[in-house]
Structures are given as C-alpha cells and as structure tokens.
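Peer 1: Here the protein sequences come in this chain order: A and B.
Counting from 1, one number per residue, gives the positions in the first sequence under the numbering used here.
Counting from 1, one number per residue, gives the positions in the second sequence under the numbering used here.
Read the hints as simulated data drawn from the structure, not as lab findings.
Hints may contain errors.
Across the chosen pairs, the derived CB separations fall in these ranges [unchecked claim]:
1) E31(A) <-> F193(B): 42 to 48 Å
2) R193(A) <-> L314(B): 32 to 38 Å
3) E192(A) <-> L168(B): 39 to 45 Å
4) Y48(A) <-> A113(B): 57 to 63 Å
5) R183(A) <-> R83(B): 49 to 55 Å
6) V61(B) <-> L175(A): 41 to 47 Å
7) A179(A) <-> V61(B): 39 to 45 Å
8) E141(A) <-> A105(B): 50 to 56 Å
9) A113(B) <-> G41(A): 49 to 55 Å
10) A321(B) <-> D250(A): 56 to 62 Å
11) L80(B) <-> G41(A): 33 to 39 Å
Away from chain A, derived, C-beta distances all over 10 Å, residues of chain B [said to hold, decoys possible]:
12) V20
13) M49
14) M111
15) A170
16) G171
All C-beta atoms, glycine included, are put in the ideal place defined by N, C-alpha and C.
Listed below, chain by chain, are the residues.
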Amino acid sequence: MTISAAESPHYRMHLNLGPQHPSTHGVLHLELEMYGEYVLGIETVLGYGHRMHEKTAERRPWQAFFANTPRIDYACGLPHGHCYALLLEEALQIEVPERALSLRIVSSELNRIASHLLWVGAFLLDLGAFTPILYCFDDREQAVDILEHMTGSRLTHPYMCAGGVTGDIDEETVLKIRAFIRRMRSRFSIYERLVTNNVIFVMRTRGIGVITPELARAYGATGPVLRASGVACDIRTVAPYGGYGRYTFDVPLGASGDCLDRYRVRMAEIRQSLAIIEQALDRLPGGPVRAAVPRKIAPPPGEYSSSVEGARGHVTYWAVSDGSEIPYRLKIRSACMGNLSLLPELCRGMLLADLIATLGSLDLVIPEIDR
Amino acid sequence: MDNSAMDIDVLRIVCSVVLVAAFVFANATVMGYLERKLAGRFQRRLGPMEVGWHGILQMPVDGIKLLAKRMVVPQQAEGLVFRLAPVISLSPVLLPLIAIPFSPALQVVDMPAGLIFVLAIEAFGTIGVFLAGWSANNKYAMIGAMRSVAQNIAYEIPILLVALAVALKAGSFSLAEIVLSQAALWFVALQPFGFLIYLVAGLSECNRAPFDLPEAESELTAGYLTEYSGIGFSLFMIAEYTHMFTICCLATVLFLGGWHGPALPWPAYSSAIWFFMKAYGLMFVMVWVRWTFPRVRYDQLMKFAWKYLIPFALVNLLITALVVCI
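With the rest of the complex left out, here is chain A (with noise of 0.2 Å):
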C-alpha cells in the first residue's frame, strides 16, 4: 500500500482499539488512525490497570510484598516471586536450602509452561481459531492442579518466601508432575497437527511482524520476543540465579523475528522446560525448605537488585533500604512495557488483522505494565 494515498486526513479514520476489546487481553487501549483496512499510526493508552503495587511496598513491612508478587503478572507469578525472594537474600545474606533452590525451579517452570500455554490459546484466539484454546487448556489445568497441590493456589501462588519456599512436596506431588511430563510431551503431535502445520495458521503469522534484533535492542525486548529475533538472551544462561546454573537446555531461537517464530520459540521453550522440571525431579535433594529467617527483616541501608528470567522476559526488582523494616523504594522493571513499545513501530502500514496477530505475538499482560 502507498501510504502517500492516505495522507488526506479526509479518508482517514480514528478508532479506538479496545480498553473493552476481544483482543487486547486486559485493559489495553489502542488509538489506530487508519485507512480503511491499513493501520497508519498507534498509540498505546496504558493505566487502567493501575494497582500501585510499587506504593504499596513502601507502606508494608519487606515480606508482606511476597503477597504483591505473584498478582503483577498473574499468568506468570511465580518468577515475579523467585526475583523479590532473590532481593531479599542477597540483601540479607540468607544461605537458601539445597531442596528449595529445586522446587523453586520446579514450580517456576510449571508456570512457565502454563503461562505458555495459555498464551497459545489465547494467540490462537486472536486468529480466529475458537478450539486450540480448550486443548491447551486442558493442558495448562493439569500444571495448575500440580502448582495448586503445591502452593495452595492456582493462579496467584503464594509459594516463594524470602529464604526459601512456604511448602514441601511429597512423594505423590513428584509422581504427579513426571506424569504431567509425559503427558505433554505426548501433546506436542497434537499441537502440530492442529496449529503448526495449519495452512491458514501459517499463512497468517510467517512474514507477520518481523522484529529485527536491532530494533528488539533498541526497544529494550525481552523474553520470547527478542530470542525469536535471533538474540540468545536468557537470564537462566546468560546468568544463572537460583541455582540454573547446574541445568542443561537449550535457549530455543528464532530466525526471522516474525509472528511465527514466536510461536515456535515458546512451543520450544515448553519442551525445554520440561526437561528442566525432570532434570530437578531426578536429582531433587533432601533436606529442609525454607532457611531460618527472621520473622521481621530489616535489610542494611543500601541498594539490591535482582533479575529473574519471567515467561514474558526480564523480570527485574531494585530496591532501597533505608535500614528499617519497610522498603524506601521498590521499582520493578518487567517485560511487556518493552513489548509493547514495539508496536507503533511495527504496525505502520499493517492490516488490522495483522496488527491483531502482532498484539497477540507478544505475550502481553497489561495489568503487568500498569502495575
């Protein structure tokens, strides 16, 4: 299309792109100026999923936060968890227990996979593709009722605590999650054969959106995102908290940086997830869970920061203790601000559907960005 053609603002037209829309999952609000099916320009409207989590933080004592953490990103709250728990220890010089460093990553991973999981589904959705979503979420309640099992809850765990983890598993809990293991390795065939290998599935995600590394780095992506791109950039490798660091697997990477990889990307990353989950089940310790911590902590006066790998990208918390028992200040830096800053740009000259698939390709969790 010549943009040239649309440039009297007489063919042009303003629309509002959701915060009520099917497709911007959450409270996400677009102005498009379009020409007739083309998209000229974007703006994103964000905020109407302000929660003042960093606010709250700073009128609560350091670990009443852990209850914050899991709610930032719902779909993915346990490595929002994992980073706080992170901060905490390395500001207190707690020694973390063999045993929790491993469920730490074993229930990290299931949200991973379920988070994933819902996104395919959810993507899928965008497309116009009404089934995919009940197969994957067939899947992803098998994780759910493992991470339930365990933490208690089903979507906002409260599983990490600042030392360690608040539960134990049994024996039963690790039969469970091999099984849920096989299991989904047996579903991948099905996911190909329905997705992947779909016609009208490729033919509306190859070519669709294509990120370059470059702009990737210059809009500071993370995640899925940018490793679609091509740029092997994972916390878990580049470096390794928790104890990720004794883990074999593969950061999966994409070639072109389009709707497709994407997809391809996070499919690869649920495979190599559960690979992490076995490697940690074949090889969990003994031992206690959660290291003695006092009940209150009073970090001394500095700065700490962590960075945790979250299935949405970089997940970062900084924080600064003025040496009492409330946080000065708690900035959390997570991926989908920077996701989403790539739209403008890649959408210019798109269709609306195109876009749509491009909205949904990101992974976005708007209540994470508003916070």
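Fit chain B to the given chain A structure using the hints.
Peer 2: Then chain B, alone, in the frame of chain A:
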C-alpha cells in the same frame, strides 16, 4: 382458470409459505443446537447440557430469551434502516427455499430458470448485512459491512461459474431437471473441482469461518452485529443458519444428486430423506471447518478468490463446455 383450481393454488401457496417459515425456524433451532454440540465434541467438552435432556431445549430457551429482550437501537444509528436490516437479511435466504426440489413432489415451484433465481436472490443477502453495518454508525460495524460486500462480490462469481458448468452438463436451468439428469451419475464425479470450488465459495458466501471476516470477533468485536441485540440479533442468526442450509441444498441439487438414493416406499415424498441427509452432511462439514481453522486475512481472501477460484472455475466451465460440445 376455474374457481376450484384457483382455490387449490391459493391453498398450496399458503401451505408452502407456512411450511417454509416453520422449517426455517426449526432448521435454525436444530442447527444451532447441533453446532454447539459439535463444537463441544471438537473441543473436548460437552456443549449445552443443562436445559432438557442433553441440553436439547437450549436453543428454544435462548430464542425466547432473545425475543423477550429489548432490541437496543443506538442513538447514533439510522433507526429505520437499523430495524429493517435483519428482515432484509433474512428474506433473501428464505426465498430460495421455494425453488429447491427436496423430492420429486416436495417443491413449491419448479421454475424454468430456478438456478438463476436462487443465485440471484441469495446475492441480496449482502444488502441486509451491509445496511446493518452501515446504519449502526459504528466503526467496527462499518468495517464489517465493507468487508462483507467485497467478499460477496468476489465469491458470487465462482459460484455462478461452477453452477453454470453444471447447468451446461444438465442442459437445463431448472433445479428439478438438474436433479433428474443425475439419476445415473452424480455430478460430483464429473465436476470434482467444481464441487470443491462451490464448497469454498459457499463457506465464504454465508460468512462462515474461516471466512467470517464481516464478523471477525477478534478484530471487529462482532463486525456488523456489534450493535444488535434481542430479536434483531436472533434474526441475523436465523438468517445465517438458513443461508448455510440453502447453500448446502444447492450443493446437493447441483452435485450430490438431490433426492437420489436407495429406493424407499412412496419415493415422491420419502426420497426427501436422502436430500436432507446430504444437505445436513454438508452442514456438518461446514461446522467442522469452522471449529478447526483460524480466520484468513482480508487480502488473502480476496487474492484467493480472484487469483485461484475464479480462474479455476473459468477453466472448469470451459472444459465442461468443450466436453458437452463433443
């Protein structure tokens, strides 16, 4: 015409109209239920289960609910057109039923140009959709309406071309004649490509997934239906299912040998069973496709029609003409 013959004619017309109208609502109810049940099967769930045995009363209950609801007319909408659009959309899909030969005796009128009549009337359905989208004065609805018009223009042509090839083969435009000429061999065997082209274009004609661009709920919320509620919405739903049914009926007439099948007692009426089995079989395929494929993109849809379907349909017509000539 003497008086008694006219009475019988009037009686026949009244009966047909009542039967067709009753059938349309029954079809929408049954198809709506089947679609939801089948969707459940494809998606590893049960579908409606609560109302009646296995949810069998779900659709009537939904229908009553929609009837009881107020039809909200948005302030900015063109009120009259907005209210008329569902009716305008339903009538063109209803009318072709009078020309369809369900069995040798079950046909309201056998027009000499029945095929042309059916295709011409069906093409009017777009006007209802377009008026609905336009009058709602909603941007999503308008984009849906624009898509619908472009799509229907593009897909009307291949349908016409393959139907023409069948008419050539049968040597008649009368639907009953076309069925009769398939007594020995169904045209699907002679026109396999024509049949495929018809099915794809037919899916697009009645705006079914993967060609449901005018509705495209992940892009346009609900497209031209965005502002509709209550009875207006349900009329559009009935129109959609009836449109599916007429498309499948025409496919049965043109390619699947109409009422032909193993012999039954009283064939003049009972052979309609075969007709309905074929038509509903095709509708099952349509449902199956809908719950399997993602939606195609607007430009891909257009490209597919103009670059592939129409040329292939033309070649199909040309070959058929040559064969008939020889």
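Peer 1: List, from low to high, the hint numbers that the structure doesn't satisfy.
Peer 2: none
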